Structures are given as structure tokens and as C-alpha cells.
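K.L.:
Keeping their order, the protein sequence lines are chains A and B.
Each residue of the first sequence is one higher than the one before, counting from 1 in the numbering used here.
Each residue of the second sequence is one higher than the one before, counting from 311 in the numbering used here.
Accuracy of the hints is not assured; some may be wrong.
[What the hints assert, rightly or not] Keeping only pairs whose Cα atoms sit at most 20 Å apart, straight-line, the calculated EDC-like set for lysine to aspartate or glutamate is:
1) B:390 / A:279
2) A:119 / A:146
3) A:212 / A:223
4) A:268 / A:120
5) A:212 / B:521
6) A:212 / B:327
7) A:224 / B:313
8) A:69 / A:81
9) A:169 / A:246
10) A:147 / B:320
11) A:258 / B:320
12) B:390 / A:246
13) A:181 / B:396
14) A:147 / B:415
15) A:149 / B:327
16) B:390 / A:308
17) A:212 / B:313
18) A:183 / A:204
19) A:147 / A:279
20) A:45 / A:112
21) A:224 / B:396
22) A:183 / A:200
23) A:147 / B:392
24) A:183 / B:392
25) A:183 / B:320
26) A:283 / A:272
[As the list claims (entries may be wrong)] In silico negatives: residues of chain A with every beta carbon more than 12 Å from chain B:
27) 50
28) 110
29) 124
30) 129
31) 302
Treat the hints as calculated values from the structure; they're not laboratory data.
Given the structure is predicted, the values throughout are model-derived calculations rather than measurements.
Ideal placement from N, C-alpha and C gives every residue a C-beta, glycine not left out.
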Amino acid sequence: MRYKRVAAVAMMASLALSAAACGKEGNPTPSGGNASGGAQSDTCKSSGVTFTPKTDANVAGSPTFQKIKSAGKVTIGVKFDQPNLGYKDAQGNRCGFDVEIAQYVASTLGVDPAKIEYKEIASANRETAIKGGEIDYYVGTYSITDKRKNDVSFAGPYFVAGQDLLVRKDESSITGKDTLKGKKVCSATGSTPIQRVRDEGLTEPNNIVEFKTYSECVSQLLDKKVDAVTTDDAILKGYAAQNSDELKVVGQPFSTEKYGIGLPKDDKAFRDYVNDQIEAAFKDGTWQKIYDGTLGKSGSSATPPQLERY
Amino acid sequence: MGDFFRVLTDNHQVFLDGFTNTVQLFLIAAVGSLVLGTLLGAMRVSPVPALRAFGATYVNVVRNTPLTLVFAFLVFAVPKLDVNIDYFPSAFIALTVYTSAFVCEVVRSGVNTVATGQAEAARALGMTFGQVLTLIVLPQALRAMVPPMMSVFIAMLKNTTIAAGFSVLEAGAIPAYMAERGEPQMVVLSWIVIGFLILIIPLVVLQRFLERKWAVAR
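With the hints as extra help, turn the sequences into a complete structure.
P.N.:
The structure is reproduced here in C-alpha cells:
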């Protein structure tokens, strides 16, 4: 009897404890932790550019366009966890540079941006999703490489990124890739940027920190457990724009990543059309407006890149 | 088939580093959780109510918490309290804290297999609690504990892969590296399965050995 009572008390205590632990842990911080209460918003803000669908859009001889036209909607693969780049907020709104580029392209195809169906496709599954027709095109930090061109086509580049470093605002000792010795450097597990840091010996192996997502790295950076986060500057600028009081991008890129729009392979008519539309956005200032309203909020400027048609 | 062996030979350093860390993490956490778990198990069967309550609370809290959450707590929540634990020690602590709860229950159920008369007889001879436990009960309980204990440790060996999500480069991190290098995932994952089988076989052999060594005719 006495034992039973003890057991009951212990049970209740443990329940209370685990509930408390849950309250602490379950608090979602998708934006990478609100370490010192820095001003940052989790809600989506568009750059303010409105995309009106083209009424007379037509791409002769393109199966992809035919598919979009007969469906009356377009299915786009995007990222959802990169602030100001490809992001989905708690209310389900999407925003960011890549998202708006995707919306712009949709409008030039005659599709109302409200009729876009977004699909969140992880990096490793992009080729499969495009090849299988699951999505019509993909916009999400998709680097153009010759290897990928065996499976898909690319329009663009619409942005040229490079591996850079995100540091705390008061950091003065990290000024570029050669100043990382003895510093803890974080990036996504097994990603190309962190493999480069490892292979080039930019810092000691036990100073390399790897998490599944960049937001976890940013959280560690804000908590001073790491000194720098490294990946493409486009992604880093997104976080810097979100935490502009606490973080900054060093601005010394040490690689070149050309972001393209992933398209079904061998639909040259579609690729040429999308390239024409991107070029038009470069020329009429739409691209600049989108950039300034999203990644540009990080404080660093950018200009449209050179298209590479093939 | 050529691809199958090429994946391993081309990336042998990543595989080697990964599995070395897995083994290290496993060995350290195995010792840690064996010590802590046995201690907790002793508490749960002790005559002191406060100790029993503590043991029961620990088991019920920790055993009902997902391991990922224990890791996340150490890596993301603890730094907010200005306590800085490095990533490898964090992984070791998380695994030890978590596995101890299971080891504790194995110890307790092992103790329960020993007939009450044994402990009563020992007490009648004037032995202390410590003596009863170490001289009479545990030696008999060990026999019953071997198979479930090995299951707990095999589960822990596989649980080490969670550390990959918390900045410990072990076997669980290999697929991410290989995906980025464009290696076929089917082959990569097959090699990791083979790697774990190789690691688990010695544990199974050890279990057989201990079972035979402590076997008695009943």
C-alpha cells in the first residue's frame, strides 16, 4: 500500500516534470533562436512588387507550357526554411527572393501567383522531382552544374552566390576565409561548403560544427557556441536581414555558385522563354526591386548577373 | 557491382572517421550508462523510500522523453543558461542519461528474478543492504540481466546516429556527405548497414559468452 502511494507520487512528479520540460523545448524557434531578444519577425513580408499575369502568354512547341496551360496552374518546387530567400511563415505565407522570382516567372506564363501550387522539395530530391514531372520548375538555391545538366535544364543564372561567412556584428577578427583558424565554423552536415572548409583546412577539424539546418547553426552563433556560419552568401544574407542588429555577412565570397531555375530537360522552347523573361526582369528593374525588398535588407547590394543561354 | 565497392574505396576516410566516432561514443556512453544505470537500479530496490522515489522519477521522466529532445535540450537550451558544453561531451551525456533509465530497469527486473527468500536469508545472517546486494542478489541477478542488457546496448549503438544531427560526425552523418558528393544512396546506406552489423556481432558474441559462463543447472 505504502509502496503504491510512493509510486503514484513519483508518477505525478515525473508527469509534471516532463510537462515542464516539454514547455521549454516545444517552444519553436524556426528563425534560429531569439537569443537576446533581437528584433526579428517571423512573419513574411513581400518586397512589394506585384506580379500581374500575362494574358497573351504562349510558348510554341513547349510540352511544359502546354501542361501548365491545360492545368490552369503551375506547380513550383521551393525551399521553405531560408528566411528572405525561400521561406514559409507560421501563417503559411511564402516569401523571399527565390519565391518572388518563382512568382514572377509564373506571371509571365499567364498564371495568377495565387494559383501557384508550392512543393517543398529537399535538395537531394530536386532532380527526381523535375524528371518525374512532380513540379513544373524549381527555384531554390539551385546551383547550375554540368553534372545536374545530365538530368535537368537550367534557365538563368538569376543570381550568383558565393560561399561566405556569417558572424556576430561585434566580430572583428574574422574578415575572410583565411582568418578562420582556431574559430568554430558551422554549416549543414556534409554540405559542400563544410566539405570545402574541411578539405582546405580553413580551420582545425575539431572546430568544425555541423547541424542538419542552417537555422540551428545561426542559433549556435547567437549563443556564442560557434564563431561563424558558412554557406552561400544568399542564404546568409537572409539570416542577416532577419537579425540585422546582431549578425552580419563578412562579404568576401570564396566560391561561385550560379543559381538557376531548374526546368525539365530538353524543353528548349520553355528554357529560352524563361531566359527571355529573366532578362526582361533584369532590364526593367523588377529583379532589383525584388532583391532590395528581400535579401537587400541585410545591407549588402547586388546587381543582376549575366545570363548563360545554351 | 563496380559502383558498390567504388563508393567505399573513394570515400573510405569519411566512412572510417564516421564509424570511429560511433565506436568511441558507444564505448564511453556504455560505461557511463552501466555505472549510472546500476546505481539507479540499486536505488529502486533499496529500503530507503526517498531513494526509491528518486529512481522511479528519473526512469519515468527520462524513459518517456524522446532521445532527440534530450540532445536538443543539451545543445540548444543549456547554452542559454551560459553553460557551455562541447558537442562530443553533450552527445555522451545525452546518451548516458537516456540509456541509464533502461539499464536501471534491466537491473531492477534482474533483481526481481531472485527469490525473496534469498535476501531474507542473507539479512537473517546479519548482512547489510550492501552485502546482500553485492554478495547474494546481484551475482544471481546478472544471469537474467544479460540478454535484455545486450538489447539495451545494441539499441544504444544505433541511437548514437542521432548525434549526427548535433554536430558529432559519426556514422549517421555519412549519408549527408555522400549525397553531396553525388554517390548513390542505395549503396551508401547498404554500407552503413554492413558497418553496423560488423559492430553488433561482437556484442552478440559477448552475450553468448556471458550467458554460457554464468549458466547454472536449475
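K.L.:
Of the hints stated earlier, which fail here?
P.N.:
1, 2, 4, 5, 7, 8, 11, 14, 15, 16, 17, 19, 23, 25, 29
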